[in-house]
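Chemist: Input sequences plus hints: build the corresponding full structure.
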Amino acid sequence: MTGPHRAPLDDAALDTLFRSARTHNSFEPTPVPETTLRALFELVKMGPTSANGLPGRFVFVTSEEGKAKLSPALSSNNREKTMKAPVCVIVAHDTEWHENLPRFFPHADAKSWFAGNQAAIDETAFRNGTLMGAYLIMAARSLGLDAGPMSGFDKTKVDEAFFPDGKFKSNFLVNLGFGDGKNMFDRLPRPDFDEFCKIV
Numbered sequence: 001m002t003g004p005h006r007a008p009l010d011d012a013a014l015d016t017l018f019r020s021a022r023t024h025n026s027f028e029p030t031p032v033p034e035t036t037l038r039a040l041f042e043l044v045k046m047g048p049t050s051a052n053g054l055p056g057r058f059v060f061v062t063s064e065e066g067k068a069k070l071s072p073a074l075s076s077n078n079r080e081k082t083m084k085a086p087v088c089v090i091v092a093h094d095t096e097w098h099e100n101l102p103r104f105f106p107h108a109d110a111k112s113w114f115a116g117n118q119a120a121i122d123e124t125a126f127r128n129g130t131l132m133g134a135y136l137i138m139a140a141r142s143l144g145l146d147a148g149p150m151s152g153f154d155k156t157k158v159d160e161a162f163f164p165d166g167k168f169k170s171n172f173l174v175n176l177g178f179g180d181g182k183n184m185f186d187r188l189p190r191p192d193f194d195e196f197c198k199i200v
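Numbering (UniProt numbering), first residue to last: 1 to 200.
Just so you know, these hints were derived from the structure itself, not from any lab.
Everything hinted at is true.
Straight-line C-alpha distance at most 35 Å; calculated DSBU-like pairs for lysine-lysine:
1) K67 x K157
2) K67 x K84
3) K67 x K169
4) K182 x K67
5) K169 x K69
Label-pair distances were calculated between CB atoms; the ranges are:
6) K167 x P102: 14 to 20 Å
7) F193 x K69: 39 to 45 Å
8) A68 x D194: 45 to 51 Å
9) E34 x E80: 23 to 29 Å
Built from N, CA and C at the ideal position, the CB exists for glycine as well.
Modeler: Given below as structure tokens:
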């Protein structure tokens, strides 16, 4: 027996999350409170990951000292906007995430599924860490923040600066704050359903 169907989100919510949401390149100087960053993670951690493995790891760079460590790793066209953003999130993954499976997936010996299979450990970490980064973008929008996800950085330099023990690996960056609407591209093309999708 199934429960009652959930009603779809209204148009205003869909606009906030998808249709009107944009990648922001410039933010107001207003700080993002720590309470908001903590609320953000409380949403992110609820998204699905393989065997509830939760391999994503996040460094919220907000201080001048943190930004000084990050700056040398950024490409020239990402440096200024990142230094001015209230928050830059380093989205990373834990290369030893499977060690937590007895805690997060206690009803089966899920850790044994990955024993001795480093390729599966690495692939699962990258895929699901990326998913958690995507959840972070959507959760940020749901909390009234704007996001500017980006590549354009030297992963080796970031890992050396922030994860020197080698356990975590960076994936991508997300600037967060309250967008000021400046320096944005016009809305770029999107495909129709039939061009990219098939129902079989």
